[in-house]
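J.: So you can see what is in the structure, the chains are spelled out below.
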Amino acid sequence: MIIRDTHTGYGLITRLFHWLMAIAIVVVFGLGYWMVGLDYYSPYYTLAPDLHRSAGMLLLFALLLRWAWRLSNVHPGDEELSRVERIGSKIVHEGFYPLLLALLVSGYFISTSEGRGIDVFGLFTVPAVVSSKEIGQATGLIHKILAYITMAVAAVHTAAALKHHIVDKSRILKRMWSGPA
Amino acid sequence: MNPRTFSAVALGLALFAGAPAEAADYTIDSKGQHASVNFRIKHLGFSWLVGRFDTFNGTFSFDDAKPEISKVKVEIATTSVNTNHAERDKHLRSADFLDVAAHPTASFESTSITPKGDGKAAIAGKLTLNGVTKDIVIDAERIGGGDDPWGGYRQGFSGKTTLALSDFAIKKDLGPASKSVELTLDVEGVRQ
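Residue numbers (my numbering), protein chains in the order written: chain A, 1 to 181; chain B, 182 to 373.
FYI, nobody ran anything at the bench for these hints, they're computed from the structure. Check before you lean on any hint, since a few could be wrong.
To be verified - Stretches of chain A that chain B covers, calculated by requiring three or more beta carbons in the stretch to come under 8 Å of a beta carbon on chain B:
1. 35-49
2. 65-75
3. 133-147
What the hints assert, rightly or not - Residues from chain B shown here face chain A by an in silico Cβ test under 8 Å; the list is partial:
4. Asn265
5. Ala267
6. Glu268
7. Asp270
8. Lys271
9. Asp348
10. Lys352
11. Leu355
12. Gly356
All figures in this text were calculated on a predicted structure; none of them were measured in a lab. Virtual Cβ for every residue (Gly too), placed ideally from N, Cα, C.
Bound-form chain A, shown alone:
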């Protein structure tokens, strides 16, 4: 079992981060989209936001760990890509980190903008760092916009991976699934 990334593929840690976070991000997005339309008397009216906030905070911690992991590992080569694909994948891969950071932090500010922390699955509380209605108001819209941008970038990322796998018959998707050759 290869733990670290190599020049030919991704190690176990990166692959776990990638797939678990990919699933969580899509689920938490869907949850967020659904919960904001819930009726006041829906049985999920308080549960859905609780889960959304909790999962969001775990995603924030996971993102920071993953970012550190990425920076401390070598990256598999991208020689088989065209120049356009190489630039595009670079933007998407590098861009995901600040985008997700902004998305998760903006969500954090919505809930903590009046000085109350976020309870994570009843296990611990992430403390608030500000008390400002203006921040709470501004980050609401920002969070929504960033969420849609994230889904759009994820869609591009998925389409590109499938294109490399199906059309180009390259190992790009496989190396994120089964590790270095």
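Got chain A sorted already, so can you dock chain B onto it with the hints?
T.: This is chain B only, laid out in the frame that chain A set:
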């Protein structure tokens, strides 16, 4: 009390009969925060949810002898709605409730004041909230007034009214127990 010039936005509240003088102009002491605009609404019919508007200003004119010539005007920044809960306040600012982006200011301006005796009065006026202007009546009571320890002169009142959410185009359904909200204004004015 000395005669005073009326300001354009003077406002008055009820008062004892018998005191001397003419209506004087007062500015609501929002600087020293001896004033508050509070509301409460039933939560599921189980309890009262209490909130307030943190930012507002107003003026009134007041005459002990002739409370009916008093006037009052208050402007409230709806963005300052505060129920001590970030997500709820964000929801209250949204189009589901106060739509503060479209209607950042709520206001009340008296049209007539009917003394009820014993320091009480009915203040009729126009309340503009969520872009809707409606005639309402505030039941007001004079709490007290006189020289303050710092060289000023003050009058204080408490007023209360009940608003139906639907009257002000607030469509969000909070359930059968929460169709109306009680509004309470506790204001102290400093004579100008």
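J.: Could you run down the list of hints and mark each one as holding or not?
T.: Tested hints:
Closer than 8 Å: that is the beta-carbon criterion, and the region 35-49 of chain A has 4 residues meeting it against chain B, so the requirement of 3 holds. Proximity of the region 65-75 of chain A to chain B, defined as three or more residues with a beta carbon under 8 Å from a beta carbon of that chain, is not established by the 0 residues found. Counting residues of the region 133-147 of chain A whose beta carbon lies closer than 8 Å to any beta carbon of chain B gives 4, which meets the minimum of three for the stated coverage. Contact between B/Asn265 and chain A, as hinted, is supported at the beta carbon level, the nearest pair being about 7 Å apart and thus within 8 Å.
The interface hint given for B/Ala267 holds, since its Cβ lies 4 Å from the closest Cβ of chain A, which is under the 8 Å cut-off. Among the interface hints, the one on B/Glu268 holds; its C-beta lies about 6 Å from the nearest C-beta in chain A, closer than the 8 Å criterion. For the restraint placing B/Asp270 at the interface with chain A, the shortest Cβ-Cβ distance is roughly 7 Å, inside the 8 Å limit, so the hint holds. At its closest, the beta carbon of B/Lys271 sits 6 Å from a beta carbon of chain A; the interface hint therefore holds under the 8 Å criterion.
The beta carbon of B/Asp348 comes no nearer than 20 Å to any beta carbon in chain A, farther than 8 Å, and the hint placing it at the interface is violated. Look at B/Lys352: its Cβ only gets to about 12 Å from chain A, farther than 8 Å, so that hint breaks. With its C-beta approaching chain A no nearer than about 6 Å, B/Leu355 sits inside the 8 Å limit, and its interface hint holds. A cut of 8 Å between beta carbons decides the hint on B/Gly356: the least distance to chain A is about 7 Å, and the hint holds.
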